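Novice: Sequence:
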Amino acid sequence: MIQIFHGARVPGTNAILDAMHRDRKHVFVDLLKWDVPVVDGCFEIDQFDNERAIYLVAVDNNGAHRGSIRLLPTDGPHILGTIFPDLCDGGVPRSRNIYEISRGCLSIRLRAPERLAVRNALTTAAVEFALLQEIHAFTCIADSGWLSQVLALGWDCWPLGLPRKIGRSLTGALRIDITPETPHLLRDAGTYVSAPLTLADAGERVLA
Numbered sequence: 007m008i009q010i011f012h013g014a015r016v017p018g019t020n021a022i023l024d025a026m027h028r029d030r031k032h033v034f035v036d037l038l039k040w041d042v043p044v045v046d047g048c049f050e051i052d053q054f055d056n057e058r059a060i061y062l063v064a065v066d067n068n069g070a071h072r073g074s075i076r077l078l079p080t081d082g083p084h085i086l087g088t089i090f091p092d093l094c095d096g097g098v099p100r101s102r103n104i105y106e107i108s109r110g111c112l113s114i115r116l117r118a119p120e121r122l123a124v125r126n127a128l129t130t131a132a133v134e135f136a137l138l139q140e141i142h143a144f145t146c147i148a149d150s151g152w153l154s155q156v157l158a159l160g161w162d163c164w165p166l167g168l169p170r171k172i173g174r175s176l177t178g179a180l181r182i183d184i185t186p187e188t189p190h191l192l193r194d195a196g197t198y199v200s201a202p203l204t205l206a207d208a209g210e211r212v213l214a
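Position in the sequence shown (first residue = 1) + 6 = the working numbering.
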């Protein structure tokens with residue numbers, strides 16, 4: 007199952023999002039050594055985790071976090087437009103119909119086959135969500151390690167500029183076009199994994 011959350015939550019008010027932020031801290035801070043904020047010593051939460059963020063969160067039957075991605079509308083602050091605009095040779099794409107994908111995180115508890123299945127399910131969910139919400143494209147930032155995986159998913163993907171050295175990795179920005187044909191492209195690539203999409207409870211305090 008994949009749950010859709012509209013807006014970040016205050017830490018301690020939603021168990022699923024708390025687990026997501028804990029896993030983000032394990033992956034991005036503990037393993038990858040990113041210099042990003044950590045709240046209360048255990049939650050990776052940055053300035054883009056706000057009321058405009060949308061989260062697609064894969065959970066198991068017990069509600070445990072298996073993987074997640076964050077979507078941000080590009081007509082407002084987002085990572086590419088705010089922090090790394092120089093990755094785009096022709097200007098940062100900005101539109102209410104273009105969203106940035108960021109903070110793709112898979113639980114470190116998953117085995118390799120499970121990681122692949124959850125990644126593909128989240129990708130499929132993002133495409134299906136985009137088609138429902140009239141989102142025409144995604145942008146994302148990918149280092150050399152992730153770039154090949156993003157391209158291998160099968161969707162129409164285009165570089166926004168030449169990759170540049172950021173930290174120890176070559177990093178580039180990408181645009182992913184979403185059309186009614188995109189699910190078929192994922193199927194052809196063997197990466198289409200459908201999972202039930204459900205709206206999470208909105209009756210919680212949203213982090214402004």
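Rather than coming from a laboratory, the hints here were simulated on the basis of the structure. Given the structure is predicted, the values throughout are model-derived calculations rather than measurements. Ideal Cβ positions, reconstructed from N, Cα and C, are used throughout, including at glycine. Just to be clear, a hint being listed does not mean it is correct.
[To be verified] Using C-beta positions, here's what the derived DEER-type ranges look like:
#1 Asp-46 x Asp-162: 39 to 45 Å
#2 Arg-100 x Asn-68: 22 to 28 Å
#3 Thr-19 x Asp-66: 29 to 35 Å
#4 Asn-68 x Gly-96: 45 to 51 Å
#5 Asp-162 x Ile-89: 30 to 36 Å
#6 Trp-152 x Arg-117: 30 to 36 Å
#7 Arg-100 x Asp-194: 26 to 32 Å
#8 Pro-119 x Gly-97: 39 to 45 Å
#9 Glu-120 x Arg-100: 34 to 40 Å
#10 Asp-183 x Asn-68: 34 to 40 Å
#11 Ile-10 x Asp-95: 19 to 25 Å
#12 Ile-89 x Asp-36: 34 to 40 Å
#13 Pro-186 x Ile-10: 32 to 38 Å
#14 Glu-187 x Asp-46: 40 to 46 Å
Novice: Please go over all the hints and tell whether each is borne out by the structure.
Specialist: Going down the list of hints, with the structure as the test:
A beta carbon spacing of about 40 Å between Asp-46 and Asp-162 agrees with the range 39 to 45 Å that was offered as a hint. Distance hint check for Arg-100 and Asn-68: the Cβ-Cβ separation is about 40 Å, which falls outside the suggested range of 22 to 28 Å. In this structure the hint that Thr-19 and Asp-66 lie 29 to 35 Å apart at CB is violated, the actual value being about 21 Å. With their beta carbons about 46 Å apart, Asn-68 and Gly-96 fall inside the hinted range of 45 to 51 Å.
Between Asp-162 and Ile-89 the beta carbons are some 25 Å apart, a value that contradicts the proposed interval 30 to 36 Å. Restraint check, Trp-152 to Arg-117: a C-beta distance of roughly 20 Å breaks the suggested window 30 to 36 Å. Checked against the given bound of 26 to 32 Å, the beta carbons of Arg-100 and Asp-194, roughly 31 Å apart, stay inside it. Separation of Pro-119 from Gly-97 is about 40 Å and conforms to the stated range, judged on CB atoms against 39 to 45 Å.
Separation of Glu-120 from Arg-100 is about 36 Å and conforms to the stated range, judged on CB atoms against 34 to 40 Å. Taken as a hint, the range 34 to 40 Å holds for the pair Asp-183 and Asn-68, whose Cβ atoms sit roughly 37 Å apart. For the hinted restraint 19 to 25 Å between Ile-10 and Asp-95, the CB-CB distance of approximately 33 Å leaves it violated. In this structure the hint that Ile-89 and Asp-36 lie 34 to 40 Å apart at CB is violated, the actual value being about 22 Å.
Roughly 20 Å separates the CB atoms of Pro-186 and Ile-10, a value that falls outside the hinted 32 to 38 Å. Distance hint check: the CB atoms of Glu-187 and Asp-46 are about 44 Å apart, consistent with the given range 40 to 46 Å.
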